[in-house]
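Visitor: Chain order of the listed sequences is L and W.
1 is the number of the first residue of the first sequence in my numbering; add one for each residue after it.
263 is the number of the first residue of the second sequence in my numbering; add one for each residue after it.
Each hint should be verified, as a subset may be incorrect.
Said to hold, decoys possible - According to the in silico footprint, chain L covers these stretches of chain W (three or more CB under 8 angstroms from chain L): (1) 409-418; (2) 424-435.
Stated by the list, open to error - If we take Cβ atoms under 8 angstroms as the criterion, some of the chain L residues that face chain W in the derived model are: (3) 74; (4) 76; (5) 96; (6) 98; (7) 100; (8) 102; (9) 109; (10) 120; (11) 122; (12) 124; (13) 125; (14) 128; (15) 169; (16) 243.
Hints in this document: simulated from the structure, not taken from any laboratory.
Every residue, glycine too, gets a C-beta built ideally from N, C-alpha and C.
Listed here are the chains, written in short residue letters.
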Amino acid sequence: MTAWSRRAFARTRDEEPGSCFPGQPAPSLLLSGRVKIGSATIVGPVALEVRGGCWTCLLGPSGVGKSTLLALLAGVGDHVSLEGDQRAGDDAPLAGRVALMAQSDLLLPWLNVLDNVTLGARLRGERADMMRARQVLDRVGLADLAKARPATLSGGQRQRVALARTLMEDRPVVLLDEPFSALDAGTRARMQDLAAKVLAGRTVLQVTHDPAEAARLGQEVLLLTRSGLSRVEPPATSPPRAFDAPDTLVFQGRLLRRLLEV
Amino acid sequence: MRRWLNGLAGAVAGLLAWQALIALGDLPPFILPGPIRVAQALWANVLLIAGHAVVTLAEILTGLVLGAILGGLSAILLAASPLARSALRPMLVLSQAIPVFALAPLLTLWLGYGFWSKVAMALLIIYFPVTSAFFDALVRTPADWVGLARVMGARPAAVLLHLRIPAALPGLASGLRLAAVYAPIGAVIGEWVGAAQGLGYLMLLANGRARIDLMFAALIVLVLITLSLHYLVDAVCGSLLRRMST
Chain L
1 MTAWSRRAFA RTRDEEPGSC FPGQPAPSLL LSGRVKIGSA TIVGPVALEV
51 RGGCWTCLLG PSGVGKSTLL ALLAGVGDHV SLEGDQRAGD DAPLAGRVAL
101 MAQSDLLLPW LNVLDNVTLG ARLRGERADM MRARQVLDRV GLADLAKARP
151 ATLSGGQRQR VALARTLMED RPVVLLDEPF SALDAGTRAR MQDLAAKVLA
201 GRTVLQVTHD PAEAARLGQE VLLLTRSGLS RVEPPATSPP RAFDAPDTLV
251 FQGRLLRRLL EV
Chain W
263 MRRWLNGLAG AVAGLLAWQA LIALGDLPPF ILPGPIRVAQ ALWANVLLIA
313 GHAVVTLAEI LTGLVLGAIL GGLSAILLAA SPLARSALRP MLVLSQAIPV
363 FALAPLLTLW LGYGFWSKVA MALLIIYFPV TSAFFDALVR TPADWVGLAR
413 VMGARPAAVL LHLRIPAALP GLASGLRLAA VYAPIGAVIG EWVGAAQGLG
463 YLMLLANGRA RIDLMFAALI VLVLITLSLH YLVDAVCGSL LRRMST
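Same shape as in the complex, but just chain W (with noise of 0.2 angstroms):
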């Protein structure tokens, strides 16, 4: 409770400073609008904004779910076979030497100007840190237990399944609440090379236009949306790893 207070008045005095600074710096609103022509713009705007974020949402969400699919599915297979290891891994690290945003242009020539290419971008921002996070995590089983399932005499399959994977689940979690929040980035770049919707078309459109207050309302809604995805994801993932263990 206490941090929460802080942390509001935190965000109060940092407004404060922001309408202050516009006060007193006599700054035009078409290059910074103080935070009550915001939240007027907001106001104003509220149906238009919450058309475009539904989309940008729908995007955020598909590209979240794919591609912690996607990237699950690949660190168990780097996991599991060391041929897809050796083959597959350079690979991996040298696709993460290309920015995702120079292939934003080449997503939206190839899928087109609508949902995928988004989603795409966002699959494609989240799908490393998720596959890293939870690969770390399967090749670093305890030794301890794996020794204790060679006594057994485990099999290999088996012991992926029943103790490599539920052990490596906590890295999963961390892969996911990074995913949370890259996930949005990769959204409204796509959005910013070519749409006709969404939240970073709105964005644009609005400093084209010099509607700074358009353009800072719509960035607000983007940042809302980012932090409860990345709450909601780290309390879904907390509460069930509690229940996994106790």
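Chain L extracted, bound-state conformation (with noise of 0.2 angstroms):
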């Protein structure tokens, strides 16, 4: 059991319906209502329900909202009010228990590989584990790249970086907003099988405006579009899939037409 799980079992014995992974307590997200900026509503009305311990996709074209939805959950959403409900399933406070990755890796180019990974235990004021960095960064593969500045990897191994610091955070939820889409085809598919390793257990929402992510990764796939929020079964096998597997392929079709559907 890792750290994480001991502290939300600390939390809440409760074992969550519907959650991916029974037995563990990676807690289950909602949010329903409408989102606004201002006056103007941006999102909704929308019941999202992401289940706990799952790998959530969050599918949808540009500007839908998608973004707005996960910065609203992680916290951050300082622009934009719900008009509605957000919680946790196991219904304890959130904060504390989210770690974020966005499309921009958010490295800081004063600091090393190590110092970047360790970021969230400086930034609290606490002791950063060295150890345990080393171990995770060993983990996407980087060991080797400790003292390296980011200004010096490519943008497949920046993106790793930013895997470990949230591997770091060791937290139960995950928000991961279109990682890897700024990355070329084939670090992209090397990324989604390495997130799938190390994320699985956690509570994962993904944005995503790519069938074929959203295809290889989700256990649930959720469409966002103008007239709202709908929810598409997935293949039963297990992510990650193999991009070229069939019933990865004719999903990964059937989710792009209902794209152009709408």
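Could you fit the two chains together into a complex? Lean on the hints.
Guide: Here it is as structure tokens:
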């Protein structure tokens, strides 16, 4: 059992129904209502439900408000307001249980890889666990680059560092905002495999506009369009699915067709 | 290299035009001396000018260091505390409406004819550019970084120290580049109002005695000091910033 699951257990022993990983206490997320900027409604009304311990893909065209929903869940949606309700399935506060990874890696250029990975501890005024940071770096395949500056890394390597920083935070809920969309196809596929492996068991909500990505990674796939939120049943196989498996490709086609319909 | 050559060619052309103006216009040396005469005055008085230049340089450097420290700390205080911001910022802007030149006689009255009234002038003239450039950068930390820090549960003081200040250092650097050019102005104004030494004092003295060639010689040395200081600060800041990110 990892550290976060022990911490989460201390908070609640209730296992939530519908979890993808029975026995894992990663909470589900619920958000319902309208999202507004000032008096203009930009999303909604929606009822978003993210199952605990599952990898959920939130798919939709650009500008439909996917990232805004994610920002609300992360607690950084300052410019938007939610007219409705937002909570974790276990009713404990979400603050301190969420990690965030965005399309931009957000690495600090003046810190080396190891210091970027341990940024969270430094910002909280805690002692960084360097041993664990090195283990996490090893896990994402960057053990040799611990002392390198971000400017010397490739785009794929930089996103690996961002993933390592996310893992280092060790939170039961992980929010991903198109983290792989700026990578080339091969690097993206490898990053998807890696992320699916290292984040398994956590509640993951990934915003993406790529049907292929949703078809590979989603245990749940939600489609957000102007007409609202709908659920699309993914293949029964467990992610990461082979990108060239027939059911992955058929599902990818179905998703694209749904995106074209609206 | 090519840019240097072009610059050199431009300077030579300017000097030739200057000399030609003297020769053709038949201007007396106590109105406008030619470049050759100025060079002779510089050579003949090199020790005198150097002695005064050292005094002015010391005033400039002291003012620059103190102004950079004071301006940097002020910017951090303003960025860290909304209370300080609302209380001090209007005053800071108001203080800029007062011409620094008008304060020079006061500073001489309060701090005397010596070194510190000139340092105070240099400090006053660079304080606002440094504070303002650094503060603007401190409040413009990329929102995504600030959001990430918030999700991580960061403490505000740690965000300031580990995120906002390092991210704002390029802003501080542009403030310091401006300061390197402004500080000599402050020191010389101080010397004009009342001094017994320094390049500003020497220029005023030479002017009063119709030694325009000596005045120009002192002016050239002042320009050289200002340019060297600007390029030095630029090079040091640039190299530090590059080393910070690669």
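Visitor: Look at each hint and say if it fits the structure.
Guide: Do the hints match the structure? See the list:
1. Residues of the stretch 409-418 of chain W lying with their CB closer than 8 angstroms to a CB of chain L number 9, which satisfies the three-residue condition for coverage.
2. With a cut-off of 8 angstroms between beta carbons, the stretch 424-435 of chain W has 4 residues touching chain L; three or more are needed, and the interface restraint holds.
3. At a threshold of 8 angstroms, the smallest CB-CB gap from residue 74 of chain L to chain W is about 5 angstroms, leaving the interface hint in force.
4. Among the interface hints, the one on residue 76 of chain L holds; its C-beta lies about 4 angstroms from the nearest C-beta in chain W, closer than the 8 angstroms criterion.
5. Satisfaction of the interface hint for residue 96 of chain L is found here, the shortest Cβ-Cβ separation to chain W being roughly 5 angstroms, below the 8 angstroms cut-off.
6. The criterion of a C-beta within 8 angstroms of any C-beta in chain W is met by residue 98 of chain L, whose closest approach is roughly 6 angstroms, and the hint holds.
7. Here the hint on residue 100 of chain L is kept, as its CB sits about 5 angstroms from the closest CB of chain W, short of 8 angstroms.
8. With 8 angstroms as the threshold, the beta carbon of residue 102 of chain L comes within range of chain W, its nearest partner Cβ sitting at about 6 angstroms, so the hint holds.
9. Hint status for residue 109 of chain L relative to chain W: holds, with the closest Cβ pair at about 4 angstroms, below 8 angstroms.
10. The interface hint given for residue 120 of chain L holds, since its Cβ lies 4 angstroms from the closest Cβ of chain W, which is under the 8 angstroms cut-off.
11. The interface hint given for residue 122 of chain L is met, as the beta carbon of that residue sits about 6 angstroms from the closest beta carbon of chain W, less than 8 angstroms.
12. A distance limit of 8 angstroms between C-beta atoms decides the matter here; for residue 124 of chain L the minimum to chain W is near 5 angstroms, and the interface restraint holds.
13. Residue-level restraint check for residue 125 of chain L holds (minimum Cβ-Cβ distance to chain W is 5 angstroms; threshold 8 angstroms).
14. Residue-level restraint check for residue 128 of chain L is violated (minimum Cβ-Cβ distance to chain W is 12 angstroms; threshold 8 angstroms).
15. With its C-beta approaching chain W no nearer than about 6 angstroms, residue 169 of chain L sits inside the 8 angstroms limit, and its interface hint holds.
16. A distance limit of 8 angstroms between C-beta atoms decides the matter here; for residue 243 of chain L the minimum to chain W is near 29 angstroms, and the interface restraint is violated.
Hint compliance for this structure: hints 14, 16 are broken, all remaining hints hold.
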